[in-house]
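4 protein chains.
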Amino acid sequence: MFLGIFFSSEAQVRDTIRIPEIPGYKTLKYDPHIHTVFSDGTVWPTVRVHEAWREGLDAISITDHIEYRPFRNDVISDHNRAYEIAKPLADQMDIILIHGTEITRGMPPGHFNAIFLEDANPVDEEDWRDALRAAKEQDAFIFWNHPGWARQQPDTTLWWDEHTWLLENGMLHGIEVVNGGSYYPEAHMWCIEKNLTMIGTTDVHGPINLDYDIHGGERRPMTLVFAKDRSAEGIREALFAGRTAVYFEDRLVAPEWILEALFEEMLQVRSVTRHRGSYSIMLFNPTDIPMQISKARGNEPGFEFFRTTTVPAGGYRSVPVYIDNAADYDQIELKLIIDNFMVEPDKGLPVTMTFVPDNL
Amino acid sequence: MFLGIFFSSEAQVRDTIRIPEIPGYKTLKYDPHIHTVFSDGTVWPTVRVHEAWREGLDAISITDHIEYRPFRNDVISDHNRAYEIAKPLADQMDIILIHGTEITRGMPPGHFNAIFLEDANPVDEEDWRDALRAAKEQDAFIFWNHPGWARQQPDTTLWWDEHTWLLENGMLHGIEVVNGGSYYPEAHMWCIEKNLTMIGTTDVHGPINLDYDIHGGERRPMTLVFAKDRSAEGIREALFAGRTAVYFEDRLVAPEWILEALFEEMLQVRSVTRHRGSYSIMLFNPTDIPMQISKARGNEPGFEFFRTTTVPAGGYRSVPVYIDNAADYDQIELKLIIDNFMVEPDKGLPVTMTFVPDNL
Amino acid sequence: MFLGIFFSSEAQVRDTIRIPEIPGYKTLKYDPHIHTVFSDGTVWPTVRVHEAWREGLDAISITDHIEYRPFRNDVISDHNRAYEIAKPLADQMDIILIHGTEITRGMPPGHFNAIFLEDANPVDEEDWRDALRAAKEQDAFIFWNHPGWARQQPDTTLWWDEHTWLLENGMLHGIEVVNGGSYYPEAHMWCIEKNLTMIGTTDVHGPINLDYDIHGGERRPMTLVFAKDRSAEGIREALFAGRTAVYFEDRLVAPEWILEALFEEMLQVRSVTRHRGSYSIMLFNPTDIPMQISKARGNEPGFEFFRTTTVPAGGYRSVPVYIDNAADYDQIELKLIIDNFMVEPDKGLPVTMTFVPDNL
Amino acid sequence: MFLGIFFSSEAQVRDTIRIPEIPGYKTLKYDPHIHTVFSDGTVWPTVRVHEAWREGLDAISITDHIEYRPFRNDVISDHNRAYEIAKPLADQMDIILIHGTEITRGMPPGHFNAIFLEDANPVDEEDWRDALRAAKEQDAFIFWNHPGWARQQPDTTLWWDEHTWLLENGMLHGIEVVNGGSYYPEAHMWCIEKNLTMIGTTDVHGPINLDYDIHGGERRPMTLVFAKDRSAEGIREALFAGRTAVYFEDRLVAPEWILEALFEEMLQVRSVTRHRGSYSIMLFNPTDIPMQISKARGNEPGFEFFRTTTVPAGGYRSVPVYIDNAADYDQIELKLIIDNFMVEPDKGLPVTMTFVPDNL
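From first to last, the protein sequence lines are chains A, B, C and D. Going by the numbering used here, the final residue of the first sequence carries number 360, and the count climbs one at a time with no gaps. Going by the numbering used here, the final residue of the second sequence carries number 360, and the count climbs one at a time with no gaps. Going by the numbering used here, the final residue of the third sequence carries number 360, and the count climbs one at a time with no gaps. Going by the numbering used here, the final residue of the fourth sequence carries number 360, and the count climbs one at a time with no gaps.
A few of these clues could be false.
Intra- or inter-copy, both count: the list cannot distinguish identical chains.
Claimed, not checked - With a cut-off of at most 25 Å between alpha-carbon atoms, the simulated DMTMM-like pairs for lysine to aspartate or glutamate come out as follows:
id, residue 1, residue 2
1, 295, 344
2, 26, 125
3, 347, 155
4, 335, 155
5, 194, 324
6, 335, 186
7, 228, 186
8, 194, 265
9, 87, 15
10, 87, 333
11, 295, 211
12, 347, 249
13, 228, 67
14, 87, 74
15, 295, 94
16, 335, 265
Since the hints were derived computationally from the structure, they do not count as laboratory data.
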């Protein structure tokens, strides 16, 4: 009979995802798109809280479809029920549960999540404009889901007039740049051009371990939220301010200033050792995101070093750098690209790594 | 939108559990104790079919509690509904779904599974004797669940008069020797002494990957059924005949004749190489169950070999054997114990391994 | 005390790499670039045979440097010694050991492996042309190693006059398209343009498990050789004929006809299920190479299906296909690209997948 | 070309083995029995330093056999050479390298390691007594290796007169209780009875990843040394004082006072939650050693709780405890056994876990 703080007597190990903070903000891990048996998911709402706790998340939203509930003959409830079931356990386990729902229409305009709702029932409107207005009236944060889903946008990922209407009427605040295993480069560019918040989600329907090798260390896609404090209100303020990064498959998608701030905390030069004309630079990465680095254009012709390298998560990499006339330099600057920190589709973050040669 | 034979567009990989057949019978893998949201489990019935398919099972039973349904205010149905929901998918995926239920009472007599039901609703009786009678009337196979569950048998695992009554009245055909992570030595002995069928189950409530590292190759406990054919009827006949083995944590519990028959198919001498006074015996294990071997008493004094060794699943082990006066022997017999083939609690299977020395 | 066929009493499990044959040829797995303590590697030659056996290889070459032997004060021998030490064990374990060496010079011309040598000592010549001539005189197969190694070609991967000279004088038969973790697109194109054999190697120096997660299922880069029979002579004939593929990180690089022939054996349509206007196509991949598939241009406008999908190694994927006017078609043809079958850099293999709609 | 602090440009990730300190001492991880190509191992000495660093060790000893050097025709050196080769790298990587050797004789007396040598060459004596005397003259710490090795003690693990002679003459300070995959219960008892230091080693010969799934998180057996400081001298003092624990396969073997001190730092009661007549006790284990717990005899009859449970490494376990008349107790004491903390063979550590019931 299941009682107790964790509602279960199973062994529980919580993943610690090492991602640094950036100055002034806490880094919260949030998955804002999740389903349960209260729409077309296949697990009970409490499972989502357990999964979130194990995987090191700070916050989740259960966003069951308003319009699509294939189990409705067996699972009978209104649109708030999954939230109500999960809330006590989330409180016990210190997971921030943010109430949400998915508005599920054909294209245009497609599917949208509305989060920070008080009551999901008023969103059950026949006309999609009315549904989204009902969410807006509750001051919801609204984002467009999987804009490149092949079923709705079979060959190209298009922005429709309906999305312009939503944007102009304050009913579109973000877009999923990543949904499950899909990254949408068009959505990435729209977020940059239209100043929309970048969102990453799982849209998970089944038990999460069927989709991701959690035991083996694989992590779900998620939205990193850079919040003033660890609370629902902190997340809300950060989402409306656009302070997010999408973390998926060892990559980050975010506004450039955020990637720069993270980079500052991530790559460390631990030592510099001289061997005649060359230097061994010992790099360390204290985080759980490997750093994939390539040489940028514009380096000094007399510096020879790797074309590409990787500093593994939580690990070290020694790279040799050959310098002509090292004695001429007080400080060596290497121009690099962090390939897995995406400032645009196919464009990594340009950075400079600096070290002081030992010129004795 | 869920369509398709697998009800999902997820990638699917099916585990192949290599366990040999024994002469005259197919080896079927069966988990006869599983829960869903229709009692106190936390997944939809179809999840159980997907899990079974992925993990290489041939058959499962969903055995939701008759008496304990904490989600009954949201999930409204009779006692056959989980079966009905899972059946079409099981048929598509070629998983044998055997209808069952769990009769859930305080000790004595505790919890029982009744399987091979036509209709679980008549089992919903107030008196436990009536409930079990209702199962018997449908010719169900009935087994006692987790007889050593600490909540019901806190310090010792006891056989009560009520169990004698059930046995004498044809309402007790097997016992769980293994339930999830627990092995019950008393139950093992009762099966031997009273000629009851040995059963192993998961009793899984949540998504199975939370309990077992499926991605990493961990396997759930299960009942191996040695059946005349791969069908529900084949399983039924074998269960009533006691032709089962419990497979859990790289161990087998079974009647001795079954373990002997399996052993014959499992340990192969691939080569014998002579080096002066010693022989290298190359052993091969073509199955997924490692063989943990120790030296038995009573070997020839002139034979020197390992005290313990392991032939890994699907792998090889070269063992040295030192023989005095090898020329005196036409054939070498080593007396061994297979420690993880349990004929009784703490008692492995005695076997003889034979090889022909090269006496040139 | 080491005795026995495997020179060790350790447990041994051999990986089975499931890659199909192509008509008329066996698919052999060969790593032709490996080091030991007889140059600057850090393991004894027998370790290389054990590693090869465990990892499912058919053949290896130990190719210690002629010119670079940092341990020569402790490890004293001629250039054939590593081969001589490894050969008896390779014979016992049925690994084809092909004698080779690495000619190790500055750029140009860089490093070269010569394999199928009788005697590596004559290759120890001061002038690189003489060293390569000495290899040619033994009818060696000669390939250029890591042509894009940053230390020798810091910013661009160039073809030098010296390579033209080697090619014109019959001393260059192949190029490493993959060396360890590096893929060289320029080398890939040179092989296509100049009709050279595509080679993939590890160039491993330390214990291989330090570089690859062998226990976890990661596989080393290798050259697949499509040989008339499983023998050193079979490999030699295939290499000179250019019948190879490079297998690395779940990708294949090969001549287009080879990729086409492999594809024919790899993607299977297991079932087609109709649901009103759509079909679920169950794909199966019986190999250990996942198939990464994207939609090609030029499909019928009335066919709607995935943009990208993956059929996992040894697994299934159900994909929905929506067809307008399915009754008009006797057979459906989907034009696809297999992205991880590389016919050129960044260019996957174009294929057509066909299925018959059920038009009842 | 190998340069740089790590002698390699490979990516390096160091394991962090979370084992607590005990009051007054640092917990150092030491493997004092390792081979290289300078006896019958198959890797170069530097590999051992890299392996140690990756696996989170503080200290190692390379202990090549004095008497058994099968590669001596190729690898030519005196008995100090492996140490000399490994030492500069060990210094760079902050691994404490303690010079040692293995004295390798038939039984009696068998094999011995002598560590903390200045010069291993004088140990090369024909008579075993002279060899051990030569080690003693250098104030070496001497321990008996694999006393139950089946080749030397085929059926029983015996203590010979020769061992008494060694003990009485100050040439026996410890015994391997664990060597690789073997635990010797007799050696465990001898250490307790004769006040000898308990030692655990790998005796590794090949690349360590062939024997242990390092990538997958498996750890080698090792000796935990409770030292006043992290230095060779600190280890020496602790070894002679008997302050060690053997850590292998998630178990600890040690003097009882050490196990008690470790336990105090390992099991934490994180919360106590009341549900009518029962309590949920949330246990947390901040270390990398799982805690396998069983109920001891002598608990209050009114307390009902688990028979066995496990608190996973770095994880949580919620256990229900049912208390009759909880209001009568200011504090609840549960008597437990930590089964994997072995104070004797088959005897776990008895402990008491205390919590305060919430009696509102």
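### Query
Against the structure shown, which of the earlier numbered hints fail to hold, in ascending order?
Per hint list: 2, 5, 7, 8, 10, 13, 15 violated.
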